[in-house]
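Undergrad: Chains as they are written, first to last, in the UniProt record's numbering: chain A, 1 to 492; chain B, 1 to 492.
Hints may contain errors.
Stated by the list, open to error - Okay, derived cross-link-like pairs now, DMTMM-like style, lysine to aspartate or glutamate, Cα gap no bigger than 25 Å in a straight line: (1) A:K59 <-> B:E198; (2) B:K223 <-> A:E207; (3) B:K59 <-> A:E48; (4) B:K59 <-> A:D94; (5) B:K90 <-> B:E167; (6) A:K223 <-> B:E198; (7) A:K223 <-> A:D154; (8) A:K90 <-> A:E128; (9) B:K223 <-> A:D222; (10) A:K59 <-> B:D432; (11) A:K59 <-> B:D57; (12) B:K59 <-> A:E13.
Hint data in this document are derived by calculation from the structure and do not stem from the laboratory.
Remember, it's a predicted structure, so these values are computed and weren't measured experimentally.
2 protein chains.
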Amino acid sequence: MTAFDRLMAWSRETQALAQVAGRLGWDQETMMPRGAAGQRAEEMGAMEAVLHARRTDSKVGEWLAEAEAPDTAGHAQLRLIRRDYERAIKVPGDLAAALARLTSRAQGVWAQARATDDMALFAPVLSEVVELKRQEAVALADGTGRSLYDALLDDYEPGASAAQIQEMFSQMRPRLVALREHALAGPQPPALTGDFDEVAQMALSRELAERFGYDLGRGRIDKAVHPFSSGSGDDVRITTRTVANDPFNCLYSTIHEVGHACYEQAIDQAYHLTPVGQGVSMGVHESQSRIYENQLGRSRAFCGFLYQQMRDRFGDLGVDGPDTFYAAVNRVHRGFIRTEADEVQYNLHIMLRFDLERALMAGDLQVQDLEAAWNDRFAADFGYAVDRPANGVLQYVHWSVGLFGYFPTYALGNLYAGCLHTALRRDLPDLDDALAQGDPGPATGWLADKVQRHGGLFAPQEVITRACDGQAPDAEPLLSYLENKFGALYAG
Amino acid sequence: MTAFDRLMAWSRETQALAQVAGRLGWDQETMMPRGAAGQRAEEMGAMEAVLHARRTDSKVGEWLAEAEAPDTAGHAQLRLIRRDYERAIKVPGDLAAALARLTSRAQGVWAQARATDDMALFAPVLSEVVELKRQEAVALADGTGRSLYDALLDDYEPGASAAQIQEMFSQMRPRLVALREHALAGPQPPALTGDFDEVAQMALSRELAERFGYDLGRGRIDKAVHPFSSGSGDDVRITTRTVANDPFNCLYSTIHEVGHACYEQAIDQAYHLTPVGQGVSMGVHESQSRIYENQLGRSRAFCGFLYQQMRDRFGDLGVDGPDTFYAAVNRVHRGFIRTEADEVQYNLHIMLRFDLERALMAGDLQVQDLEAAWNDRFAADFGYAVDRPANGVLQYVHWSVGLFGYFPTYALGNLYAGCLHTALRRDLPDLDDALAQGDPGPATGWLADKVQRHGGLFAPQEVITRACDGQAPDAEPLLSYLENKFGALYAG
Numbered sequence: 001m002t003a004f005d006r007l008m009a010w011s012r013e014t015q016a017l018a019q020v021a022g023r024l025g026w027d028q029e030t031m032m033p034r035g036a037a038g039q040r041a042e043e044m045g046a047m048e049a050v051l052h053a054r055r056t057d058s059k060v061g062e063w064l065a066e067a068e069a070p071d072t073a074g075h076a077q078l079r080l081i082r083r084d085y086e087r088a089i090k091v092p093g094d095l096a097a098a099l100a101r102l103t104s105r106a107q108g109v110w111a112q113a114r115a116t117d118d119m120a121l122f123a124p125v126l127s128e129v130v131e132l133k134r135q136e137a138v139a140l141a142d143g144t145g146r147s148l149y150d151a152l153l154d155d156y157e158p159g160a161s162a163a164q165i166q167e168m169f170s171q172m173r174p175r176l177v178a179l180r181e182h183a184l185a186g187p188q189p190p191a192l193t194g195d196f197d198e199v200a201q202m203a204l205s206r207e208l209a210e211r212f213g214y215d216l217g218r219g220r221i222d223k224a225v226h227p228f229s230s231g232s233g234d235d236v237r238i239t240t241r242t243v244a245n246d247p248f249n250c251l252y253s254t255i256h257e258v259g260h261a262c263y264e265q266a267i268d269q270a271y272h273l274t275p276v277g278q279g280v281s282m283g284v285h286e287s288q289s290r291i292y293e294n295q296l297g298r299s300r301a302f303c304g305f306l307y308q309q310m311r312d313r314f315g316d317l318g319v320d321g322p323d324t325f326y327a328a329v330n331r332v333h334r335g336f337i338r339t340e341a342d343e344v345q346y347n348l349h350i351m352l353r354f355d356l357e358r359a360l361m362a363g364d365l366q367v368q369d370l371e372a373a374w375n376d377r378f379a380a381d382f383g384y385a386v387d388r389p390a391n392g393v394l395q396y397v398h399w400s401v402g403l404f405g406y407f408p409t410y411a412l413g414n415l416y417a418g419c420l421h422t423a424l425r426r427d428l429p430d431l432d433d434a435l436a437q438g439d440p441g442p443a444t445g446w447l448a449d450k451v452q453r454h455g456g457l458f459a460p461q462e463v464i465t466r467a468c469d470g471q472a473p474d475a476e477p478l479l480s481y482l483e484n485k486f487g488a489l490y491a492g
Numbered sequence: 001m002t003a004f005d006r007l008m009a010w011s012r013e014t015q016a017l018a019q020v021a022g023r024l025g026w027d028q029e030t031m032m033p034r035g036a037a038g039q040r041a042e043e044m045g046a047m048e049a050v051l052h053a054r055r056t057d058s059k060v061g062e063w064l065a066e067a068e069a070p071d072t073a074g075h076a077q078l079r080l081i082r083r084d085y086e087r088a089i090k091v092p093g094d095l096a097a098a099l100a101r102l103t104s105r106a107q108g109v110w111a112q113a114r115a116t117d118d119m120a121l122f123a124p125v126l127s128e129v130v131e132l133k134r135q136e137a138v139a140l141a142d143g144t145g146r147s148l149y150d151a152l153l154d155d156y157e158p159g160a161s162a163a164q165i166q167e168m169f170s171q172m173r174p175r176l177v178a179l180r181e182h183a184l185a186g187p188q189p190p191a192l193t194g195d196f197d198e199v200a201q202m203a204l205s206r207e208l209a210e211r212f213g214y215d216l217g218r219g220r221i222d223k224a225v226h227p228f229s230s231g232s233g234d235d236v237r238i239t240t241r242t243v244a245n246d247p248f249n250c251l252y253s254t255i256h257e258v259g260h261a262c263y264e265q266a267i268d269q270a271y272h273l274t275p276v277g278q279g280v281s282m283g284v285h286e287s288q289s290r291i292y293e294n295q296l297g298r299s300r301a302f303c304g305f306l307y308q309q310m311r312d313r314f315g316d317l318g319v320d321g322p323d324t325f326y327a328a329v330n331r332v333h334r335g336f337i338r339t340e341a342d343e344v345q346y347n348l349h350i351m352l353r354f355d356l357e358r359a360l361m362a363g364d365l366q367v368q369d370l371e372a373a374w375n376d377r378f379a380a381d382f383g384y385a386v387d388r389p390a391n392g393v394l395q396y397v398h399w400s401v402g403l404f405g406y407f408p409t410y411a412l413g414n415l416y417a418g419c420l421h422t423a424l425r426r427d428l429p430d431l432d433d434a435l436a437q438g439d440p441g442p443a444t445g446w447l448a449d450k451v452q453r454h455g456g457l458f459a460p461q462e463v464i465t466r467a468c469d470g471q472a473p474d475a476e477p478l479l480s481y482l483e484n485k486f487g488a489l490y491a492g
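For reference, chain A alone in the conformation it holds in the complex (with noise of 0.2 Å):
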C-alpha cells in the first residue's frame, strides 16, 4: 500500500466512527430514555477520546508527508486530510479533553439556565468556556497571522474572515433595516388560523420532504425539541418539530432540514466515508438549507400549490386565498428569536450575535455585561425590549458548547443561497411552473448538480463561484432579491 492508500484506508475508518459518534448524538435527542443522559455522557466522552486519538495520530502526519494524490479528487482528500490533522494536533490533548468535558457541563448548565431564565446560573460556566475557547485559538492562530475569532470561524468556513464578513454586513445592515421599517410601518397581512392536527402537520412535513427530493430509503423523519440534520451518505436523517396552531414551524423547519440532508445525500457515492464526501462547511451547508425553505418554499409559486394542500388537509386557513396565504408564510413580524425570524431580520439577529462574540473573544467584553450589552443592542437593533433572558442571551445553545464563529456562517448561507437563486433563475426560466405544481426537482436538480455533488471536492466560496458561473459570492443578489420579494409584498 502506498502512503495515499493508508491515508485513505485510516480516513475511512475515522469517518465511519465519526457516523457512529454522529449517530448517537441523533438518537440522544430522538430515541433516548431520559434517565439515560449520564450513561451517554460517558459513552460519547469514550468515542471522543477515540476519535481524538486517531485524528492526533503521528503516523498521519508520515503518511502526509509522503503521499502523493493520484488525480484531482485526491489532492482535495489530502488538502481536507492535512487541514483536520494540522488543527488537531495543534489543540493540546489537555486542552481539548478540558474542553469537551466543560462544554458538556455548560450545556446542562445553560438548558437549566434558560429554563429559569437565570443568566447568573449560566455566567459562571460561560467565563469558563471563553477563556478556554480563547486558549485553544492562540494555539489555533499559532503561526498563521489570524485573529483569535479567524482562527475559530476558519473551522466553520474555511477561508472566510472577520474583516470579509463585516464587509458584508455593513452592505446588508441599512438595506435590510430600511426594508424592516418599510415592512412594519404598512398594513399587516393576517396570521393562519385553524385547527392543525399534529399527525396530518407530520404527514404532509413527510410528503413535502419527498418532493423536495429527500431519499426516505436513506433517510428517516423523526419529532425533535430542536430540528436538525445528521449524518453523511447512505444514513441521513432530519427532525422536525410540531406546535399545535402553528403548522408553518413544522413544514418549515422541515424542508430546511431536507435542504441540509439532500445536500449530504447527493455527494457523488464514490466520495462516501471520505473527507470529500461531506458538505463542504456550515455556509455552504445553509446556503442549500436556506435556498430550499425560502427561495423556492417560501415562493409565491409553491406557496400556491402549499395553500391548496393545506386547504385540502386542515380545511378553513383564516386566508381568503393563495396571495393572502403567500403574505402570510412571509409576514415580517416582530419577535425575538433567530430561527423563527422572517428573511428580512433574520441576519439582523446574526449580525448581533456576530459582534458580541468578536468582542468575548478580543477581551472587549466580559461575560458578566453580556446579558446588558445583548439588551441594549437588541432595543437599538430592533426597536424593543427583550422581555426575559430567554428571549435574548439565553436563546441558543452555541456559545454553551464553544461554538464561537459559528453563527456568520448562518448569514454567509443567506448570501450564498442568494447567489446560487440568482444563477438557478437565470438556467430555469419556467422554474415556476414546475413550483405551482409542486415540484421543485428542476431546482433541487440544479443545485445537485452544480453544488452538492461535489461535496468538498472545491472550497467553499469557490464552489459557489462555480455554480454561479465565475460570479464571486456577494451580497447584492440576495438584497435585491429581498426587496424585490418584500417590496411585492408590503407594496401596501
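Dock chain B against chain A, hints included.
TA: Using the frame of chain A, we list chain B on its own:
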C-alpha cells in the same frame, strides 16, 4: 494511579464503547433506513476494530500482572477482565478479522437462503464459518485441555461443559418425551380467536412490561422482526413484534425480553460500565427471561389477570373462561420453530441443535449433510417431517454468525429457572395472590435481590446455587414443575 485503577479506567471506557456498538445493533433492527446497510457494515467494522485493538492491548496484560484487587468486587472485576483478555489474545488478529467479515457476509446469505428455502445457497458459506470457528476453537482450547466445543461453549456459559449438558439432557429427555406424548394424545385445548388490534397489543405489552418491573425511564420498547433486549445499565432497550391473529406472540415476547432487560437494569449501580455490571452468562440471562415469561407469566394465577385484561381490550376471545384461557396459553402444539415452542417441547428443540453442532465442530458431520441430518433427527424426535428448510435447518440466524455452543445456554436457562422458581415459591407462599392481581412484584423483587443485582460478581452456577439456599443447579425442579403443570392441564 495503581495498576488496578488504570485497568478499571480502561475497562470503563471499553464498556462504554461496547455499549455504543450494541446500540448500533439495536438501531439496525429498529430505526435504520434500509439503504444504509452497506454503510452500517463499515461503521460496525470500524467499531469492532477499535474494540479488538483495546481488548488485545498488551498494556492490559501488564496491568493485570501488577493489579491488586481492593475488595471482593475488585477480585471479580479482575477475574472477568483476565478471562476476556486471555481469550482475546489467544485468537490471532487475522482470524478474528476474517471471522467478522465472513459472518457479516454469511448472515446476509442466510437471510436470502431462508427467504427462498435454499440450503444449497447457504451451505458453502456455512462450511467456511464452521472451518473458521474450528480454527478459533483450536486457538481457544490450546493449553486448557478442553474440547473444541467446550472452548466455544465457555464463551457463553463460563464453567459449563458439553459432558455436563449431555448428562442434563439425558435426564430430561425421556420425561419430556413422555410428557409431550401424554399431552398430544388427549383432547386439545382451544386456540384463541378474535380480533387483536396491533396497536392495542402494543399498548397492553407496555403495561405488562411495567407490571413486570421494566423501568421505561431507562429503556424503551420498539417493534422489530425478532424480539431482543439490548444494552446495560441505564439504557436497556427491548423489542417485540405483533402478529395479527396471535396476540400471545407479542405479549409473551415482551415479557421474555423484559426478563432480560430487568436483569440488566437491576444490577447494582456501582457496577455500571464495568465487567461485573452485566448479566453473568447467557444461561443466567435466559433463566430470568424464561422465569418471567413462563413460571410467572404463564402461571394460572397471572393468566386469570391477563384473561380479564384481554377481554376488556379485545372483547370475545373464543374461550369460555380463565381456565380455558390458561389452557390456551399453555397449549402443547405441533410446530417447527424453537422460539414458538411450548414449555414441554422447547428443550427438545435445543437437544437437536446441540447434538448437530457438536458433530459439526468435531468434524463428524459435514455441512453438506446437515439438512438431511436435521430432517432425520426432527422426524425422530417430533414424529413428523420438516415441511421446508425455513422451518428446519434454516430457521435461525445463530450458525451463520458463528454462534456455536450458544444453543445449550437456552436449555441451561430453563433449568436454572426451574431451580429459582422452586426456591422463590418456598420463600413467597402467597405469590399467587399477587400474580392474580397482575402483580409479579414479589417474585421479580426476589429475583432482583437474589440474582440480578449481583451482575457478574459470582460465577453463573454459583449465583444460582446461592439463590437456591446452597442447592446446586439440577434438572429435577424444572421437570417436576413441568410434570405438575402439564399433568394437570392435560389430565383428560
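Undergrad: In ascending order, which of the hints set out earlier in this document are inconsistent with the structure?
TA: Numbers 1, 5, 7, 10 - these are the hints that the structure violates, sorted from lowest upward.
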